[in-house]
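Peer 1: Kindly produce the complete structure, drawing on both the sequences and the hints.
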Amino acid sequence: MVNIVFNASRLLLMPVLLVSSVGITRAQENTIPVKVFIGAMFEIGANSGDKAGEFQHWYERYWRNAQPIKVRGASGPVWCNQDGVCGAVLGMGKVRSSSSLQAILLSDRFDFSKAYFMLTGVAGAPPTKATIGSVIWADWLVDYDLGHRWAAEEGRPGAPTFMPRKGYEDIRVIKLNPQLVDWAMVLTKDTPLLDSAAAKSYRARYPQAIARGGPFVGVGTHFTGDCFFHGPGLSAQAQYMAKLYNVDDYTVTEMEGVALAYVIRQLYGIDRVMALRTVVNFDQGSPGETTLEHLDPAPGKTAGGFAESVENEARVGERVVDYIVTHWNEWKNGIPARQS
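Residue numbers (numbering that gives the first Met the number 0): 0 to 339.
These aren't lab readings, by the way, just hints derived from the structure by calculation.
Do not take every clue at face value.
In silico BS3-like cross-links for lysine-lysine, where the CA-CA straight-line distance does not exceed 27 angstroms [what the hints assert, rightly or not]:
| id | residue 1 | residue 2 |
| --- | --- | --- |
| 1 | K93 | K69 |
| 2 | K93 | K50 |
| 3 | K331 | K113 |
| 4 | K199 | K93 |
| 5 | K50 | K199 |
| 6 | K165 | K242 |
| 7 | K165 | K93 |
| 8 | K174 | K93 |
| 9 | K69 | K113 |
| 10 | K50 | K300 |
| 11 | K113 | K93 |
| 12 | K113 | K174 |
| 13 | K300 | K199 |
| 14 | K331 | K188 |
| 15 | K331 | K174 |
| 16 | K50 | K69 |
| 17 | K199 | K188 |
| 18 | K174 | K69 |
| 19 | K188 | K174 |
| 20 | K113 | K188 |
The calculated label-pair distances, taken between Cβ atoms and stated as ranges, are [unchecked claim]:
| id | residue 1 | residue 2 | range |
| --- | --- | --- | --- |
| 21 | G213 | D144 | 28 to 36 angstroms |
| 22 | G72 | I170 | 17 to 25 angstroms |
| 23 | Q265 | E288 | 40 to 48 angstroms |
| 24 | P67 | K242 | 19 to 27 angstroms |
Only a predicted model underlies this, so the values are computations on that prediction, with no experimental measurement involved.
Note that beta-carbon positions come from the ideal geometry of N, C-alpha and C, so glycine has one too.
Peer 2: Okay, here's the thing in structure tokens:
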């Protein structure tokens, strides 16, 4: 009697096991192996054919013929081409962008186990470090918001109004892979960049040589802040924070980088993460211009060069994306040594 029950149980279980096995196989067949994932934060209108935001130039380069893939919890669909290049608009700010990216990374539609990540968007910069139209790779990502702050009048005159808060050491600063940053600069440092008469005219207001010069490809620390901090005082405070944290000089300000890198690090590690930002504004006004005047400029006094800047970023970034995909056999198992 015991043998009969045992055999019957086996018979009942067998169809369940077979169905489960078929289900796994089908899921695997539908999974897209991702070689490079490009994350942008916003688009102005359509993905093609109108004024470009952060995503349009990437879309036009890689996904014109792709079909959108909806992911539950993501701000927008994911787009993938036959070469394994995928991308999405993640949304602006730490919370929206990082929750969107986490939804995508946890989706069973994609295999990110060997993927490289390129986090892209527009940024501000101090006029001592970059200029309109420049494209800056991050070597460090720093969270501007985590810590203690107080009103200037409540401290010593001229003293910083920030100090770090204990307990955030692991999330307030993220160092990106120096080997990958080095590869990115070697592949892109001589990229021809666009400029415009409007940007040149705007830059001429500033006395700093870097601000007045033409756009370039560089490397520096990206500061991430949900608050759009602005003015020479807060710019100097960001440099003060960079020194406190023992990172390279603050070079651009943006709103998402450190949060996105943290999500990727938790799931796949940090070694294959790149962050690329293009400068569309200075983080402070020119001499004789107040901070509020610079934040809310009169008609005709805004910074020029936005269209050229977002095109420059795609020109720079695509060199790395295309190189990785073209040399995938050398890159899929890790970053290859670069021949000097």
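Peer 1: Taking each numbered hint in turn, which are not upheld by the structure, reported in ascending numerical order?
Peer 2: Numbers 4, 18 and 24, in rising order.
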